[in-house]
Structures are given as structure tokens and as C-alpha cells.
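**Q** Sequence:
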Amino acid sequence: MFSNYHFYHFLTLFLAFKIDYSIGLNFCEQSYRPFFSFRIIGGSDVDTGVNWMSKLISYGDDHQGILCGATVIDNYWLLTAAHCALQLQKRSFIYVRKPSNNKEYTFPVREAYVHSGYNNQTADNDIALLKISSDLSTLGIKPVCLVNDDSQIRKEYKNGVVIGYGLTLGEDTSGGPKLVNSQTLQSTSVPIIPDAECVKTWRFLSLLSVKITNSQICAGSFLHGTAPGDSGGPLLIRKTDGEYVQIGITSYGADGLDGVVDQGKFPGVYTRVSKYVPWIETVIGKSSKTRSSTSSSSTSHFPLFPIFCLLLALLSRNFLLQTFLAMTISYSGNFFRLLLRWKGSIWRSVWRELFLFLFLFYAIRFTAPHFFDWADPDETKGYRKIFKVMCNEFHEYTKMIPLTFLLGFYVSNVVSRWWRQFECLKWPEDFLSILCLLLPSKESRPARHQIARYLNLTSALAWRDVSTKIRLRFPCLRNIIDAGLLTEKEYEKLQDINEPSPGIRWLTPLHWVQQLIDAEIAAGRGSVNYVSVAMNELKAFRISFRRLYCHDWVCVPLVYTQVAALATYSYFFFCLFGRQDLNHDDFYSLDSFFPLFTVVQFLFFVGWFKVGQDLMRPFGLDDDDFELSYILDRNIVTSFTIVDSLQDDDPPKFEEDVFWKHHSEQQQMHQNMFLPKVPSSLKWGRIDLSRNAHKHPPKLHTYLEMKNQDPEEYKNRKNNKFIAW
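Mapping of the sequence shown onto mature numbering (1 follows the signal peptide of the UniProt record, and there is no 0): residues -24 to -1, 1 to 701, in sequence order.
Don't read these hints as lab results, they were simulated from the structure.
From the three backbone atoms N, C-alpha and C, an ideal C-beta is built for every residue, glycine too.
Treat the hints with care, since some could be wrong.
[Unchecked claim] Ranges between beta-carbon positions, derived for each pair: (1) Ser109 to Val535: 18 to 26 angstroms; (2) Lys629 to Glu419: 18 to 26 angstroms; (3) Glu405 to Asn78: 47 to 55 angstroms.
[Stated by the list, open to error] Cut-off 27 angstroms, straight-line C-alpha distance, at most; resulting in silico cross-link-like pairs (DSS-like, lysine-lysine): (4) Lys107 to Lys251; (5) Lys131 to Lys215; (6) Lys361 to Lys118; (7) Lys134 to Lys465; (8) Lys361 to Lys375; (9) Lys79 to Lys118; (10) Lys134 to Lys187.
Please model the entire structure based on the sequences and the hints provided.
**A** Set out below in C-alpha cells:
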């Protein structure tokens, strides 16, 4: 039978003395409760196709071995319970299996993000994200699907599936039930309990601050469910097509109440994943956005200067709150107003590096004289002279680094590559305009509408492979179905095609477009005169996506980036010593107080280098990354407007305008006589856009007749004026 002495002892103390139970590893003022955790009971082995399931193993003083379960939701991210993340020791790893050979791979946990609203007493917001450094997609591991709303899927499916490692139900030597270690991944089917019934059942333990909220799901029974050790694992629904959708995270249960209550009446409690999809997207997006800035700011942590560290942390926090997720910055205005802009500006790009540079610069300036006075008070060892010679040599070194030459070529290539990637974003209206000529009849409207949807479906499928923003919007293909760009039957076809030929999925809708056009032409509803033009436009549309994949695949060579980075930062490392003011008697020198020109150089060169760094990957979440999500929405609206509204509506009937009347009356064709005067709305000395501004049209360059045809005279400088501008 199940026994849990610690839980029963705690329950007795709590009811008698009403003390607060909090044991285990404390982290961020939170603690975990080991009696609220699970392992699979009454389950069976899982096939190797469930490659998004992983186990979390931690090694430390408090715990060694399998700690919890976790599920892969992105190439670098795993989803688990908050109380699992709070138990992480110094060495924590996740174990996943490669689908092709079922070989187990180990990756260290790099970062853990626990929900800020997690309550260790009520287990509310029991959700956390784990980040690793390696890309799991290289192993062929695909993430599990999440949904924004699980109400509909819970209505269709009454039973769920729980998966996990650890103990399973076995027999002891006498033939009685016993929990034994499981060496394989186990799963079992559990009934999903209605929310009202679950709240009523768990009301018995109200003294333990147990309260079921709308962010939790109940599922399971006594002999089929989860048991101690597999917290953080998924509660899933397996759809009829075999796809798994995660709707919950294993949180806690009543498996430790043997002898106190009837365990069979208390289902397991799971964190409802659909309530936290926005939080997941925010954490993943914020981590991707601030990855580089975090690494740079972490190098400035010096234990001898705690005030500086505190100031840097406060500034970093405020700036991140002001600038989070600002993308594709547009700007206009005068020069001084542009200098005061923060988002997407040079100030935001270099302020951390500049702050660190100035700190080190003044640290050397103020500590070096005191060090020389202490180490060589009589100046017999020559330390001060050696330091001056070294500073002069470092100043000469800065003249030997061709920084302008290196950064010029580097940034020029990156900016050109950045703009070429934007040119790969093909707009659908070019092809759809030809399509309206090819299939103009109202009988072809369904085909036009379907073709327009397929063009945008291709964009969604291709862009989610290269853009972080689109990937967060459509984590899996099911989300594209929810967006209306894909149907269930089309989804099944895409899955069948993608299995034997991975990577061809985005091409499939374009092939369907060709088949639809061919069917309409065969039915006599199209004009064959425009088929060649339409196919050329479709070819250009397909080529644009292929070029986009090539740009994402082949980056700027690493050695080029390393050379530019080493040249930039080496230059300013030498400036730390070479730009020191060694003439302490000159109090009127500006450099004795502040290295003005060095700071200006720092802004120019480091800002120049940052331009190349920021534009290297234009499909992320940086300031100047492309707004593919907006472009996709714009293309969808434009596409359906062209093929439906514009094509079905007849053009306006002819009306006589002022130009028609003028030509009918055969008046003199002159701009001042027949164009109506358009008053200018710009006053106070600004640009005049009225008719009066065009009385004297600009002169174009013209060739004048030569006054003298004599070649000898033509050589004369005075007569060599035959071209006027």
C-alpha cells in the first residue's frame, strides 16, 4: 500500500498547530512541497514517436536522479511545473531521444523561468520554462502542440493521456501491489473531470489552502493516473489523427493521503496550459530579444564595486521595460528631434558598452597613481615611467588598426544582405491582378478565393520557419487552422506529403494553385492568353521564398564577424590606456576631465558595428527586424479584397471631367489655362504646392545647335559651350 509518513505527520501538525509548511530547496522566496507530485500508475510503454517528451535529472546535495518531466515546445525551450524548476540543483540536465535511432541525448539546463505568480501553498500558476543552449530541431525533435483555448477540444474528447518516467505499478515477492522503477516512458489514459466536480471534491482539503481555480484542470483516478515523482509531465489529448495536444502540466494530487481520505475520490490537478500561452510567448520573445544585452551586461559585475553593479541593474531594468518588443522603427522630424529618440537609436545600442568603457577608463585613471605611490613611492623602480611608455605605445597601436576599412566592408555587406532579404518578401497582389484577368467570371470566384488563400498559406508556412515572430504566432500547424488559412483535409494532405519529403510542405499550396488554374482552363472558364504571364508571376513568387530560405541558411561567414568584432573591441581596449591624460599639470585640458573625442569615436565605431549585428538576422524580435506578422495580415486582407470585392464590382460609369470638357471645346492645351487652381495648405513660408509653383517648369538637359562648324574653332575653349542644362 502507499505510505507517506512525512505527509501524514505534516497533516497532523497543521491541523493541531496551524503552522506553515515549507521545506526543501528555497529559491526566489519559494519552496516546493514533495507530497504534491506524481508518477505514472497503471500505464504502459510509449512508442518512440513521442520525441517531445523529456525527463529532467538533477544532481546535488538535496536530490539525485529523475526529478520531473518536461515537454519540448520550441527548439530551445521546454515546459514543466514551477515546483520542479525550484528544485534544480547545481547540475541539472534534460534527456531527450532522437526519433531516428531512439538514442538518448543530454543537454544542460541553461536558464529557468518560473511564473512570477506561483504560490507554493495553493500551487496556483505552477508553470515554468526551461531553456537549453542546443537546437533540438537538429535531432529531428518536433515540439508538442499547444492551444490558446481548450474548451472545444475538451468537449470532443472526454479522456486524456498522461506520460512520464519513474515508478509504475508492479508486484512484490508476495504478489501484492508495489511501486517499482520504470526504465521506459510510460503512459496511461485518464478521465478528464469537469471543473465543477473537481472543485467540489477538493473542497475537503480547504484547510491546506487547496483551491481549484480556472487555471487548473482535474483528471485521473486512483489506479490510472500519476504518482509521486513525475511532476511537470504533460496531460495530453490524443486526437483521432494521432496528434498530441498538451492541455495540462502535472501539478499535484492526493496520492499521499492513504489512511486519511479515500484517494480514489481525489483526481490529479494539472496546470491549464491554455491560460498561459501569452506568458509563454512573452518569456520566449523577451529572452530572444535580450540575449545579447544580458551577456554584455554580465561582464560588468565586479565584487569590489557593488554600487556600480546596482546602478547598472536598475538602469537595465528600466530600459528593458520601456523598449520591450519594439520592432521596425519608423522616424521622421528634424535633426535634434531624431537625436532624442530612444527606440532603435544608437543610444540604446551602445549604452551598456559605453558605460562599461567609461567605468574601466576612470578606474585606470584613478587607481594607477595611487598604485604607483604605494608600490614605488621613491620612483626607484620606474613603474610610473613604464606605465607612461605603455600608454604611448597603446596609443600608437590604435593608429595601426584599419577600423574604418574593416567596418565599412562588413556593415556594407550586412546592410545589402538585409535589404535583399526584404526584397524576398513577395507581395501577392501582382499575381492576383493577373489572376483576375485569367479567371474573370463570377463562376471562377471560388477558385480565385482558394488561390488567394493558398498564397497566404504559403507565406505562413515558409515564414514560420525563418521568423521568430511568426513561429510564436503559429507554434504548430493547428494554429494555422485556427487562423482560417488551412482546413482539416488540407492539413491531412500536408502531413502525408511532409512525412516522406520534409521541407516541401511550403511548396505544396503553390502546386495546388497550378492545379486549380489548369482545372479552370479545362472547364472553359479562363483565358489561355494570360496563362504564361500568370505562371511567370507564380514562378517569381516561389523563387522569392526559396531565396529567403537560402538567406536564412547561409549567413555571413563567422570569420568575417569575428574579425570585425575583434578589431572594434581591441581598438577600444588599447584606448583604455592610450587615451589616458598623462600630463597632470595641464588642468585646462578637457581630456583631464572627460575623454570627449574618445567617447565620440566609441559612439561612431561601436554603433557602426552594432548596425551590422542588429541587421544580421532581420526576422527576430529586434528593433529593426521586419514586421512579418503585420505583412501577413495586410496580405490576407488585400488578397481577398482583390479576388472578391474588386473583381466582382463593376467599374464606375463614364462621367465628363474637366479635362474631357477642355479637349471637347478644343481650347489651347496649356497647364495654366485648364488645370483648376489647387490652393496650398502649407503656409508661413513653407513649400507652395499650388499651380503658381509650376509656372516655370524645370529645364531638362538639351543639346544646342553648334554656332560654328569649324573643327579648329571647336577646339577653342571659348566656343566649347554646346551643352546646356
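**Q** Among the hints numbered above, which are violated by the structure, and what are their numbers in rising order?
**A** 6
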